[in-house]
Amino acid sequence: MLNMDGVSVGYGDAPAVLTDISVTVRPGRVLALTGSSGAGKTTLLNAMAGLLRPRDGSVTVDGRPLRDRDHAVEHRIVLIPQDNGLAPILTAAENLQVALVAGGVTPPEALRQTAAMLDLLGLAGQADQLVEELSGGQQQRTAVARGLALRGGVLLADEVTS
Amino acid sequence: MLTVIWGALAARRAQALAVLLLAVLASAAAAAAPSYVAAAGQALARYEVSRATPNELRLRLADPVEYPGVPGDPARTPFADMVKKLTPAGFEVVLGAQSGGVAAGRDGTVTSSLVFRAGVCERVTVAGACPRATSRGQLPEVMVGTHTAARLGVAVGDQFTFGAVPVRVAGIYQPLDATDPFWLGAEYIRPAAAGPTGTSAVGSAEDAIFTAEAAPLTDDQAILYRSTADLYVTERLFDTRSVADLRAAVTVVTRDGSREGLGGGTSLSSLLDRVALQRGQLADGVTLGAGLLVLLCWLVLFVAVGSAADQRRPEQGLLLLRGVQRRRLWALAIGEHAIPALFAIPLGCLGGLTAATLLAAHTLPARADVTVDATVIGFAAIGALGALAAVLLTQARMLSAPVVDLLRRVPARVRGWRATIGDVVAVSVAVAAVVQLRSGGSPSGLALVAPVAGALAAGLLLARVTMIAGGAVGGALLARGRTAGGLALVQVARQPRFRPLIALLTVVVAMLAFTVATSEVASAAYRDRAIVEVGAPRVVEVGATSRSHLLAAVRAADPEGRFAMATVVTGSSSAAGTPLLAVDSDRLATVARPHSSYGMSLADVERKIRPTAPGAPVHLRGRLLTIVISASFDAEVFGGNRVRLAVTVSSANGTRVATSRQDIEPGRKGYVLQVPECAQDCRLVKIDIVAPVVSRNLEVRFEEMRTGDEDGEHETMVLTGAQFADITRWRLTDPDDTFLDATSGTDVALILTVPENRRATPAGIAVADAPFPLPVYLTRSTGTPLGGTHPYDGVDGTPTTALVGGVADRLPRLGGSGLVVDLEYADRLAVASQSGKEEVWLTGTAPVDVLDRLRAQGLVVQSERTITGVRQDFDRQAPALALRFNLFAALAGVLIGAAGLIAMAAAEQRARVAMLVALRRQGLPPRAVRGGYGLPAAVAAVSGGLVTVVIWLLTRSGQRLFSDGRSPVPLPDWPDVGRLLMFTMPTIALFALTAVVLGRVVAASVRRRSGR
Ligand SMILES: Nc1ncnc2c1ncn2[C@@H]1O[C@H](COP(=O)(O)OP(=O)(O)OP(=O)(O)O)[C@@H](O)[C@H]1O
Ligand SMILES: [Mg+2]
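Top line first, the protein sequences correspond to chains A and B. Mapping of the first sequence onto our numbering: position 137 corresponds to residue 137, and the numbering continues sequentially without gaps. Mapping of the second sequence onto our numbering: position 43 corresponds to residue 43, and the numbering continues sequentially without gaps.
Just so you know, not all the hints are guaranteed correct.
Take a look, some chain A residues computed to stay more than 12 Å from chain B by CB distance [unchecked claim]:
1) Gly6
2) Val25
3) Asp62
4) Gln97
Pairwise CB distance ranges, derived in the manner of DEER restraints [said to hold, decoys possible]:
5) A/Gln129 x B/Asp973: 47 to 53 Å
6) A/Ser8 x B/Arg1000: 17 to 23 Å
7) A/Gln129 x B/Arg1000: 29 to 35 Å
8) A/Leu33 x B/Val4: 18 to 24 Å
9) B/Arg1007 x A/Gly122: 54 to 60 Å
10) B/Ala389 x A/Leu33: 53 to 59 Å
11) B/Arg1000 x A/Pro27: 40 to 46 Å
12) B/Gly422 x A/Gly122: 19 to 25 Å
13) A/Gln129 x B/Val4: 36 to 42 Å
14) A/Arg112 x B/Leu393: 42 to 48 Å
Just so you know, the hints here were simulated from the structure itself, not pulled from any lab data. This one's a predicted model, so the numbers in the text were calculated from it and none came from an experiment. Where is the CB? At the ideal position from N, CA and C, for every residue including glycine.
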């Protein structure tokens, strides 16, 4: 369970982008966040993913404060960034593989899951193409595939349908 | 447009600066080569001038007419005017006049010349005074050398006559420096003759006698003189004028001089030839280093600017998208880079000059000035423009790529002919260069840069292999879950810009190793050749009155045979015969320097060439030699054909044939021969019966031999009839056609029979005091097998044969072809005085006064060579100087390689960090974050090693190490690995360190960006 309580976040010395935000993410529930461009959606997700430290308030995961992104990864908070966060010099499959192995899956199992997940998203034919050689949509689907493959407790997807 | 370009430069200041720096480097590298060649060319000329014979440094013009009078200053004569007219600018003129004749003093006479030579007074120390001009009626003043004064028995103030002219000794001189070209070698200061009274003072009694500017005589006709002018070439001339210029000037002077009727002569052209040859070789030699530097600079620009440009691809794409014309993009790209390139030219000239100056100061045998000239500027421009071309080439693909391609971050992988065109060109060039190099002859053009071309081609191919293999292995590692290693590999292998970088680093490592290897082999070759060609640590060329004098003198100077050995070398220059080395063999193993290339041990040679003699020498003491002979032949049939007796004797003054004044007549008779040289001691060589026509059988019985003096005193029996009759004492000089026998009983005697109708050569008996044929060690190259007989010219130049007692690959002093004999035996077999170069070989431990000891024995020390000195000489020749430049270039190449690595990393760091940060956010552990720059360094180490071996095998034979071509000693096939590693290991370590630092920078940046 991911919990935000009275959080305000911002970048550098600039005024806070978001102030006094409280969110609770419960298992098995889908939470949608909307807002105009520049409203602060990505900022909020970044804070939930451990990328941004809140100025005020607290972000807790299973009751304990979230320290940073690595801590979030440990608690299986998966992030699909708005820019996909794919490594351009890796193939679609490798992007999944690397993330899965980093998440503690054994390599053979990771290979299997990668293939299955790419197949699920209709990317079986593109598995061995470099990310740079994929279309924009394919790249986005690869990022989604990776997010799903990681089987996180929390999946933070930033505009995956745009 | 200019403002746009200026804007672009300002916006990308870092890149403009990088292009500027690298272009400066390229043009400096290009400019350094001609600057160094110019400086080293000067140094070479100075060095050659310092080693030239005096005759090679001057051009002589002589007045065709002889004038009456004492030789005087021709300065105000038409001859001097003509000389002034003919003398090319820069030559120094020494005017003179001379007259040959005999000087007669109280104590003796000497054949000498009376000489006026401008400037002589400044070059001597005089006891008394330099001669002054005298007026008519006064005695002309002269100065004589110390030896001449002693011979003539004159002191300052005394008189003697030269020809018919009485002269007064104003002073007795000694030259300050007899090696000053002013003295023209032996022309004015004659070398002392060898003899029992050795002296260390230069000169001899025949030294020139110098006169004053003017000394008019009452009877001018008593003496005739001829005016001369010596036109000296100076070091400065070589600095300021080309060899071709000087050659033309010499031709013109010689031609115009002979047109004016002036006699002349010079060996100047041989000096000019040598200088031109060395300069040519130098220029050829540094081509490799210069080519390497320029190529590396272009490559590194290609790498650095190319990867920077890659990062701007989307920007260019956007510009095109907005409708900016490609023409304008091109103009912008050219302008943006042409400005740094143009700036690079003058800066490169300066940089090149500085580098060349530093290098020249540390490597050149003589001082040399480094200056800017058109060639330097031209080369700098080529370097800079090449850099510009390299930059534009990197952008060409980008500027012509479709917009969609440009908008992507990783450049599309190039496929088809475009991908391989570069490799194909590089390989073709390399193949052409290597083939040209291996086709023989002296390398020129492309062949000079064959190693670089080969390294580049091999480097590119290996880089390609690396990229393919790295990608595959990286992919496999990622699949296996070895994320850290896999990422590091694919980061490099899937970034095409790394390919030229890997090629660059490979070329750097390979060329450094190759250059070091060549230098190593060169220095080993210099050492080996010096050892073999000199023979012993020190070799002193001496003048001796005879071979036996030489032997005895050296034995007296070193009675225990610990440090000196007498040696005679003959015919080492002639191509036809077998060169001969005659050594005092007991000392060979002690004194000569052993060398592995001889293929034999000196101790074996010592044993083999000096077996015990078959008999003892026959010594004679006394001025008269009497031989009692009973001849029997039909004098009537012989008619007018005389039969004569000739005896060959060898003394400390040489070997000579003495002939009996009386012809041999039938019947018993004592024949007397004059042998004054035997007053002290001499050795009987042989007795000849000279009968050009033998009409009937001729039989000669030798019954007795006595020596004695004119006054009939000291009569001693040398050989009795019985001793004569011991056939083992003798050897027939013509065993095929004459016969030897002995009688016994009361009329015991030796009988020599000459059959009738024998051809004209003398029939003789030689004392068998040396083995015949003489056992020798022969070089394999002559083809005569062990135990065979080999014809050769003996130590006295007369044809004879040798018994091959041993075969060697090479011999000291002679190299690949020749034979070595025992000097004492060779001398005993010799029938003439003529001899080769007389040398004394010395060990490094010879006492310091050894030369004085040799002089004390009457030897004249003429010149000295040492192994160290000869080795240094090799080290001062053009090929060695070129090698040093190339080594410098290769070391500079290492820095360029490191710069390339840094530039590449700097250009693509942002993209790499972004990717790693993204992966970190997906949970990539921090330890998997690596720069991946170690891969190019590691690959460069391995492929550099491979490429070194390849280019070494293909091109080492084409590397010029000696100015005069090949060494008689085989070059080592491989260099010393230790030294090789000493240079290459730090290079690889530097690359590795750079890679580590760059990796750390990336990791730190990733850490910052991912909040930890
Ligand atoms: N790295 C940053 N540094 C400073 N300010 C930032 C940074 N990222 C975002 N901002 C600012 O924070 C505000 C919110 O940005 P954010 O990216 O969260 O918007 P968003 O709702 O995700 O918009 P979009 O729908 O366009 O993605 C914006 O005003 C933006 O300018
Ligand atoms: Mg957003």
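What are the numbers of the hints the structure violates, in ascending order?
Checked against the structure, the hints that fail are numbers 4, 6, 8, 9 and 12, while the rest are satisfied.
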